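Student: These are the residues of each chain, in order.
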Amino acid sequence: MNWISNYVRPKINSLFSRREVPENLWSKCPECGTMLFHRELSENLNVCTNCDHHMAITPRARFTALFDGGIFTEVKVPEPIADPLHFRDQKKYPDRLKAAQKSTGEKEAMLVAEGEIGRTPIIAAAQDFSFMGGSMGMYVGNAIIAAAERAVKLKRPLVLFSAAGGARMQEGILSLMQMPRTTVAVELLREANLPYIVVLTHPTTGGVTASYAMLGDVQIAEPNALICFAGPRVIEQTIREKLPEGFQRAEYLLDHGMLDRVTHRTKLREELITILRMLMRKPPAVAGDLPAPKAKPAAEGAAPKA
Amino acid sequence: MTTYLEFEKPLAEIEGKAEELRALARKNEEMDVEKEAAALDRKAEQLLADLYKDLSPWRKCQVARHPDRPHCKDYIEGLFTEYTPLAGDRNFADDHAVMGGLARFNDMPVMVIGHEKGHDTASRITRNFGMARPEGYRKAIRLMDMAHRFGLPVVTLIDTPGAYPGKGAEERGQSEAIARSTQKCLGIGVPLVSVIIGEGGSGGAVAFATADRIAMLEHSVYSVISPEGCASILWKDSEKMREAAEALRLTAQDLKKLGVIDSIIKEPVGGAQRGREAAIAAVGAEIAAMLDALKGKKPAELIKDRRRKFLDMGSKGLAA
Numbered sequence: 005m006n007w008i009s010n011y012v013r014p015k016i017n018s019l020f021s022r023r024e025v026p027e028n029l030w031s032k033c034p035e036c037g038t039m040l041f042h043r044e045l046s047e048n049l050n051v052c053t054n055c056d057h058h059m060a061i062t063p064r065a066r067f068t069a070l071f072d073g074g075i076f077t078e079v080k081v082p083e084p085i086a087d088p089l090h091f092r093d094q095k096k097y098p099d100r101l102k103a104a105q106k107s108t109g110e111k112e113a114m115l116v117a118e119g120e121i122g123r124t125p126i127i128a129a130a131q132d133f134s135f136m137g138g139s140m141g142m143y144v145g146n147a148i149i150a151a152a153e154r155a156v157k158l159k160r161p162l163v164l165f166s167a168a169g170g171a172r173m174q175e176g177i178l179s180l181m182q183m184p185r186t187t188v189a190v191e192l193l194r195e196a197n198l199p200y201i202v203v204l205t206h207p208t209t210g211g212v213t214a215s216y217a218m219l220g221d222v223q224i225a226e227p228n229a230l231i232c233f234a235g236p237r238v239i240e241q242t243i244r245e246k247l248p249e250g251f252q253r254a255e256y257l258l259d260h261g262m263l264d265r266v267t268h269r270t271k272l273r274e275e276l277i278t279i280l281r282m283l284m285r286k287p288p289a290v291a292g293d294l295p296a297p298k299a300k301p302a303a304e305g306a307a308p309k310a
Numbered sequence: 008m009t010t011y012l013e014f015e016k017p018l019a020e021i022e023g024k025a026e027e028l029r030a031l032a033r034k035n036e037e038m039d040v041e042k043e044a045a046a047l048d049r050k051a052e053q054l055l056a057d058l059y060k061d062l063s064p065w066r067k068c069q070v071a072r073h074p075d076r077p078h079c080k081d082y083i084e085g086l087f088t089e090y091t092p093l094a095g096d097r098n099f100a101d102d103h104a105v106m107g108g109l110a111r112f113n114d115m116p117v118m119v120i121g122h123e124k125g126h127d128t129a130s131r132i133t134r135n136f137g138m139a140r141p142e143g144y145r146k147a148i149r150l151m152d153m154a155h156r157f158g159l160p161v162v163t164l165i166d167t168p169g170a171y172p173g174k175g176a177e178e179r180g181q182s183e184a185i186a187r188s189t190q191k192c193l194g195i196g197v198p199l200v201s202v203i204i205g206e207g208g209s210g211g212a213v214a215f216a217t218a219d220r221i222a223m224l225e226h227s228v229y230s231v232i233s234p235e236g237c238a239s240i241l242w243k244d245s246e247k248m249r250e251a252a253e254a255l256r257l258t259a260q261d262l263k264k265l266g267v268i269d270s271i272i273k274e275p276v277g278g279a280q281r282g283r284e285a286a287i288a289a290v291g292a293e294i295a296a297m298l299d300a301l302k303g304k305k306p307a308e309l310i311k312d313r314r315r316k317f318l319d320m321g322s323k324g325l326a327a
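Chains A and B, in that order, give the protein sequences.
So the first sequence is residues 5 to 310, counted in the numbering used here.
So the second sequence is residues 8 to 327, counted in the numbering used here.
Keep in mind that a hint or two might mislead.
To be verified - Label pairs and their calculated CB-CB ranges:
1) A:Ala-86 / B:Lys-311: 28 to 38 Å
2) B:Asp-299 / A:Gln-94: 42 to 52 Å
3) A:Cys-55 / B:Gly-158: 35 to 45 Å
None of these hints come from the bench; they were simulated from the model.
Please read these numbers as outputs of a predicted model, since none were measured by experiment.
Here a beta-carbon is modelled for each residue, glycine too, at the ideal position from N, C-alpha and C.
Modelling step: build the complete structure from the supplied sequences, incorporating the hints.
Tutor: Written as structure tokens, this is what we have:
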């Protein structure tokens with residue numbers, strides 16, 4: 005059964021991402037205005053080939069590019085209780101959820117997967133900004149806990165890609181409680197002495213930044229990503245002055261000692277492999293030694309290779 | 008001078024009338040107004056009880072922010088002895104929005120930490136209205152660490168509109184400081200109890216309130232975002248704060264139902280601002296009860312139970 009789920013799904017995935025391509029074969033870079041051919045853009049991981057502007061990328065597309073041969077298995081996330089507060093603003097919360105599910109084709113704002121990168125077994129979790137702003141509710145909390153528990157069970161590192169406007173207001177206090185809950189997940193990894201690497205992508209703000217996204221052993225950000233607790237607009241309103249150029253952007257945080265690295269998306273996979281292999285005390289990865297898609301995938305629940 | 012809230016206006020009128028009558032009588036000795044004034048007093052008392060019997064969530068927000076409500080400093084002075092403030096984060100500054108230090112609670116040495124909003128213009132500015140900067144959280148982390156090393160229980164008092172959204176605060180790592188403070192709460196092997204005494208504003212509150220036992224004063228609030236902020240984002244109209252306050256379920260009563268807090272501390276009729284001593288005493292009794300319930304637990308057990316508490320939180324929704 006296993007090889008089917010490991011093997012067939014990526015194909016389904018790639019079908020899926022193919023469908024995401026706009027009818028219009030060209031898209032315009034929001035930063036420099038260059039018209040980009042869709043195939044060229046997706047081959048460059050949604051980074052503008054002219055100005056290096058990093059556009060949003062879905063968790064599935066990211067994982068397909070990240071894992072060896074694009075092969076990964078989803079980690080099951082326990083389903084939280086639906087609409088715990090019976091929240092209603094101008095729309096009902098369940099209706100907003102359904103609309104997001106329809107427009108993204110995803111169940112929720114985080115995808116967790118296991119697989120190998122450069123033959124290093126890892127768990128990865130990625131937040132989906134296109135799903136209600138990537139907001140952190142109980143599902144996202146459950147996803148991070150599931151990812152950490154799986155990592156501890158298989159003795160693998162966890163790589164987390166953050167992207168969120170913050171907590172999901174429609175879950176009220178229970179979204180706020182994901183700050184301590186996800187911090188417990190980070191504690192589980194620490195206790196098991198497993199690397200936890202956070203890749204902060206545009207934008208990562210609010211309660212997400214103030215919990216799991218700032219607690220990595222290594223903190224990497226994508227270029228020009230907005231990373232903050234309070235957003236620039238809120239700050240400008242509070243202090244009534246104009247903020248400096250590049251304020252709260254990845255490079256600014258790097259200068260202020262809040263990050264280890266700022267890394268271009270196309271270089272990220274290589275860099276993660278290098279760092280993870282050192283932290284896991286594995287020999288260096290051999291250049292070009294990337295398994296072909298037909299490589300035997302790790303059986304689910306199998307002990308990790310030491 | 009009582010500060011009346013907007014919804015207390017009818018009460019202000021009645022109490023004002025009674026006061027006027029008595030003032031007249033003082034000038035004019037033949038006048039006997041006591042009977043009428045006493046009737047007004049009774050009416051005011053009844054109205055106060057009625058107003059506070061079933062406060063709407065938005066009214067609770069207003070009461071929680073009432074300037075005359077006892078603040079962290081008042082609770083520390085009223086409930087602890089030998090309070091010895093400890094200052095600074097050893098990196099950058101001392102944040103006056105966060106008070107903390109060694110103290111005795113019923114003779115037992117503890118570490119007490121809390122947000123202080125200030126009580127007049129000067130102290131409010133010094134205290135930055137209870138909005139902490141990274142230094143405040145880092146001071147708290149340092150104190151919690153010390154408490155852990157010396158086996159002292161930690162008591163935190165929560166009263167903040169939220170962490171300070173400022174330029175310097177962001178540059179010095181507001182998010183990281185909050186995240187580390189929450190992490191420290193989860194990692195200390197000593198009892199940690201929290202009381203939300205006024206406003207529990209988002210991440211700035213969580214950073215101290217990730218505790219073994221969490222109590223809330225009857226009219227305090229605890230929320231992921233202020234009703235005004237939520238209204239302007241979801242309703243695109245910050246005047247819809249009543250609806251937002253309702254939807255967010257930020258009252259002590261709803262949070263108890265959701266299993267986010269453990270107990271509710273009753274306030275005097277008319278709120279803690281009308282019976283400061285009684286409110287302070289009630290908070291003291293609850294702190295004693297919470298610490299008592301944790302007595303004898305081993306460090307590893309405390310940490311394990313605290314983690315479990317948060318992992319399980321919210322699994323039942325309003326039916327909890």
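Student: Failing hints, ascending?
Tutor: 3
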